[in-house]
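Enquirer: Listed below are the residues making up each chain.
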Amino acid sequence: MSDDSTADVGATLSRRGRWSLAEILFWLFALATLFLLPERLLFLNEIAIIGLFAVSLDLILGYAGIISLGHGAFFGLGAYAAGILTKHGMGDPLIGLIIAAAAAAVLGFATSFLVLRGADLTKLMVTLGIALVLHEIANQAGWLTGGADGLQGITVNPIFGIFEFDIFGTTAYAYSLTVTFLLFVIARRLVVSPFGLSLRSIRDNPLRARAIGIPVNRRLVVIYTVSAAYAGVAGALLAQTTQFVSLDVLSFQRSADVLLVLVIGGIGYLYGGLIGAVVFKVLQDVLADITPQYWQFWIGLVLVVIVMVGPERFTERTTTLWRRSVARLRGRPDKVTAAPVKEV
Amino acid sequence: MLTILFDGIAYGMLLFVLACGLAVTLGLMNFVNLAHGAFAMAGGYITAVLMNRFGVPFLATLPAAVIGPALIGLVLERTLYARLYNRSHLHQVLFSIGLVFMAVAAVDYTMGSQQQLIQLPPWLQGRVDVFGVRVGLYRSFIIAVCGVLVVLLQLILTQTRFGIRLRAAVDDQRVADGLGINVNLIFAVTFAFGSGLAGLGGALGAEILGLDPTFPLKFMIYFLIVVTVGGATTITGPFLASLLLGIADVAGKYYVPQFGAFVIYTFMLVVLVLRPQGLFARAR
Chain A
8 MSDDSTADVG ATLSRRGRWS LAEILFWLFA LATLFLLPER LLFLNEIAII GLFAVSLDLI
68 LGYAGIISLG HGAFFGLGAY AAGILTKHGM GDPLIGLIIA AAAAAVLGFA TSFLVLRGAD
128 LTKLMVTLGI ALVLHEIANQ AGWLTGGADG LQGITVNPIF GIFEFDIFGT TAYAYSLTVT
188 FLLFVIARRL VVSPFGLSLR SIRDNPLRAR AIGIPVNRRL VVIYTVSAAY AGVAGALLAQ
248 TTQFVSLDVL SFQRSADVLL VLVIGGIGYL YGGLIGAVVF KVLQDVLADI TPQYWQFWIG
308 LVLVVIVMVG PERFTERTTT LWRRSVARLR GRPDKVTAAP VKEV
Chain B
-19 MLTILFDGIA YGMLLFVLAC GLAVTLGLMN FVNLAHGAFA MAGGYITAVL MNRFGVPFLA
41 TLPAAVIGPA LIGLVLERTL YARLYNRSHL HQVLFSIGLV FMAVAAVDYT MGSQQQLIQL
101 PPWLQGRVDV FGVRVGLYRS FIIAVCGVLV VLLQLILTQT RFGIRLRAAV DDQRVADGLG
161 INVNLIFAVT FAFGSGLAGL GGALGAEILG LDPTFPLKFM IYFLIVVTVG GATTITGPFL
221 ASLLLGIADV AGKYYVPQFG AFVIYTFMLV VLVLRPQGLF ARAR
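Line by line, the protein sequences are chains A and B.
Residues are numbered in the working numbering as their position in the first sequence, beginning at 1, plus a constant of 7.
Residue 47 in the working numbering sits at position 67 of the second sequence, with consecutive numbering throughout.
Please note that the accuracy of each hint is not assured.
As the list claims (entries may be wrong) - Simulated restraints, written as ranges between beta carbons of each label pair:
| hint | chain 1 | residue 1 | chain 2 | residue 2 | range |
| --- | --- | --- | --- | --- | --- |
| 1 | B | Leu165 | A | Leu38 | 57 to 67 Å |
| 2 | A | Pro213 | B | Ala86 | 35 to 45 Å |
| 3 | B | Met(-19) | A | Val316 | 48 to 58 Å |
| 4 | B | Gln99 | A | Ala155 | 44 to 54 Å |
| 5 | B | Leu39 | A | Leu214 | 53 to 63 Å |
| 6 | B | His69 | A | Asp292 | 25 to 35 Å |
| 7 | A | Ala14 | B | Asn162 | 49 to 59 Å |
What the hints assert, rightly or not - Stretch by stretch, here's where chain A covers chain B in the computed footprint (C-beta under 8 Å, at least three residues):
| hint | stretch |
| --- | --- |
| 8 | 57 to 70 |
| 9 | 201 to 208 |
| 10 | 241 to 253 |
Don't read these hints as lab results, they were simulated from the structure.
We put the CB at the ideal spot given by N, CA and C, even for glycine.
Here chain B stands alone, though its shape is the one from the complex (with noise of 0.2 Å):
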């Protein structure tokens, strides 16, 4: 019972680094962006790749899976998203579909299309008990990683200079170019943010999650929870949303396996009927 709970946490915590990037595009910039999971794809594939090919140790793997993202989603923000942002939805959304079918052949040309599986070191294998509980190591260790990625995000967005102009750029783009706020600077630099953080969950998710070409696909729905569910006026949003998902689907599939993603999916459209705007997100 517990051990569901715990690997449902970390689960959660996995999802909640994936999906953050989009919270911001999404949720405070208001851009449909259904290709998110293709960053997080690429971060796994570099990890894969890195340690497969290379032999590079797993740890050192992890900066290259978040900037090689971080790269490619800056490159793609100045050239495509930014000319995109004052577009409608449907626009946003046959773009961005259009880039997930592009990287999901792309990644299946060049590297196939069976699972990808990496190695963990020795000392995040296995299971230890704590007080009774078996406790997966890798699934503390990832717990460890994203509970520190979630106070640096909530510190960055709420105490540095950046975040404050970050928030006041999304609140009103024109009033913060006024003020001498390099709104597009700022853009660019939080999706590149966003993309490396997804590179981040995909490199340390591939061994939960499972890594193949169809990822962006199959997990953009999850991606999506969380931001709709969670809202996006704060990091604590989507947060608790990818903890309450994590747990309900590692406990949903664990219970009733016959019901499968059914119960995911039936409690995002009674949240999403209740209250458009978000569990979590006062209306705004």
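Chain A on its own, in the form it takes in the complex (with noise of 0.2 Å):
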């Protein structure tokens, strides 16, 4: 019986943890903007940075159900850890980041025990609050952080000493999705696997996870700390690519953001988080050309609509369009009508 239902639950992982084509064509698509779009690559760069930001959100809010208005915390600890390294003669930039990943990840790991007491609002006011701290440190220790000022003056070796950073932004986009790239490949390894089952279960019912036995505080400590370090890796992307930290990485504007991209992307498949960034980016990009002062109301407006509207109601529509255009095109009408459930 146990080995039947071991054998069944490897099976569906392994079924979800197949890659499909249209994952595939997503990241060959986003490998091919890197020669398509030669003027923006600056611009997909940012995209990139946000995308991975937004995908170790994700970790933690879409997989194991914890809120966070903090999460900024992490992304500029990153990036001022791989800026103070390399300024400090450290140049090398995967150094930086892995310098940078190890960080955040104690930042997360010490952090995760106070966030994981109490519920929703105190978890909230609590990763604000460590935000906040952060960024207050930052802003005083001027000898050390630049102050409001920022760090200036980052020069960033070669990546293996080879590829130089140029001003149009081709190594920092390469460098970028690179990274992203890969760690997005282990963080879908990771939701795909019984650990990542465990922590959708937490997510779903942390009472009933907790009695069929799932350690279900050590789990939260063990994904809070990954997201810690995800984050601070694309806080040091930012760092290393545009060359300057500023306050700015740590503010709460950061952190909205990112829950705003989440949100646009679709909460609880990892996709979301680097559709999000996409649309995200592309919409600020346009909204702040036409008002270049004012599209953060818009901005806000988009996410009263999302919410008012439903989130989940909002991507499972989209999907079901999709899947019935899909089934109408190949000639069998109306067969899906069932909003289908997201797997990766």
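Build the complex: two chains, separate frames, hints provided.
Expert: See the structure below:
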């Protein structure tokens, strides 16, 4: 009996873990933009970084159900860690990434014990509070972080000593995209593993998850730490590719934006963060062109509308529509009616 | 020393008036409303516009600063907030962040991004000596107004029929509904009332806290601290938390300016970790 169900779970998970054609096309397209849009590479670079940041938030919000208003703390810490390191002579980008990830992971691990206490509201406040404390430290410790002026004069060495960062952002985008892709593959592997499955059961019903023997707190600590490390890497990428770190990386705005990105793309499946990042940046770019100062208003409106319509219904409807039109094209109209469950 | 204490108390009182509406929506109704500061900002701007453009005296603008945000609050509660009471906290957070963004940009668009200054009437300016302590007249005025409000609120909540119904509705919505209490109406009125109080706080605080389009974001954390640290089962919890926060903030900025707001955030984290239900509340 138990062997059967173990085999079942294994089969289901490995089926979910298979790469679909659409996914492969998605990444091929992302790679193609490197050559197709040579004049927008800096913009694409930002999309890749925000996408990675959103994926990291999705790991805790979408898969483990932890609401965070201060995820920017890890992003900012990563950015400052990479920036300060480079400024003091450790110019190798990959070492910078690793150390930024480690720093953010340590902070994530240490604060996870604070965050995991209490209800949603307490979590919100604690995450927000941690981000604010970091912001305050970065602001006051001007000798280290440059304070309100930002951290200037970062020069990053070529990657592997070969690929130099150029002003068009070719190397920057290729670098960010590669890192994002690799981390995405790991995250994807993680969420279709038994570990990911246990996270989802914790999200849906922590009490029951505990009752069937899942070590709830330990799992949450692990995923929170992993997510923090991801956010740290995203921050480090931003610092290295823009060669500048400002206080802005730790602002509340940053944490709120990434929530918005994730909501636009859809919570609880990894591509949501990436798609959300594309939509968000394009939207921001278009709106900022029309009203340079007041684009925030429209972003706010989008957010309100999404919530009023219901984010789940939003994405479910699109997928249902998609399945239905595919079915119709194949000459089998109205076969699919129920909203399918997203798996990756 | 005593002057700092006095200023801190005035600041704390002000924070209480600003945040007590939130104590009800967030603390009692369990709705995460990050947009509370937007209502306060509305009150502040109403006062500023009435005074600077139409020459209305300061005191006469205060009723408008209460009624305006209360009406906005009522409309928003009926049209938008009411639908989100039963939704997840994530939705509430997103929704209210969206509202804040819209409010900030809209005010920036209509009023400009500069600080709004208001000219206090002469009888509220200056400081006087009371038993050797330099006391600001305006701050005394704030303490008086807010003190009266605190007593009134406490009385309303504990002594009136409305207060009893509100507490019943908050404790158990379904049972209250079953007993014939119009829960929706109570929530709507309470929300409007809280928004109105925030508006009053914004108007009174325009001189002390400063008023510009980023007001809701700048003070959001303070309101949240008041509610979470104070706990929300009574009026006294948030009130004591406001006083504590006000005094700590003023004293901190005076004695250890290099730490900035660091002290307060750390204090909040410690309280939240040790007593997630709030400093002055009993666990439910």
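Enquirer: Assuming the hint says 57 to 67 Å, is it satisfied by the Cβ distance from leucine 165/B to leucine 38/A or not?
Expert: 58 Å, holds
Enquirer: For the pair proline 213/A and alanine 86/B, does the Cβ-Cβ distance stay inside 35 to 45 Å?
Expert: 40 Å, holds
Enquirer: Are 3 or more residues of the stretch 201 to 208 of chain B near chain A, judged by a Cβ distance of less than 8 Å?
Expert: holds (count 4)
Enquirer: How does the Cβ-Cβ distance of leucine 39/B and leucine 214/A compare with 53 to 63 Å: does it lie in that range?
Expert: Because 55 Å falls inside the window, the suggested range holds.
Enquirer: Measuring from beta carbon to beta carbon, are glutamine 99/B and alanine 155/A in 44 to 54 Å?
Expert: 31 Å, violated
Enquirer: Range hint 48 to 58 Å: satisfied by the CB atoms of methionine -19/B and valine 316/A?
Expert: 56 Å, holds
Enquirer: Within the assertion that chain A covers the stretch 241 to 253 of chain B, do at least three residues meet a Cβ-to-Cβ distance smaller than 8 Å?
Expert: Since three or more residues must qualify, the claim that chain A covers the stretch 241 to 253 of chain B holds, with 8 doing so at under 8 Å.
Enquirer: Do the Cβ positions of histidine 69/B and aspartate 292/A conform to the proposed distance bound of 25 to 35 Å?
Expert: 31 Å, holds
Enquirer: Just to make sure I understand the rule, a stretch counts as covered if three or more of its residues have a C-beta closer than 8 Å to a C-beta of the chain. Does the stretch 57 to 70 of chain B meet that for chain A?
Expert: holds (count 6)
Enquirer: At the C-beta level, are alanine 14/A and asparagine 162/B separated by a distance inside 49 to 59 Å?
Expert: Once the Cβ atoms are compared, 57 Å apart, the range 49 to 59 Å for asparagine 162/B and alanine 14/A holds.
Hint compliance for this structure: hint 4 alone is broken.
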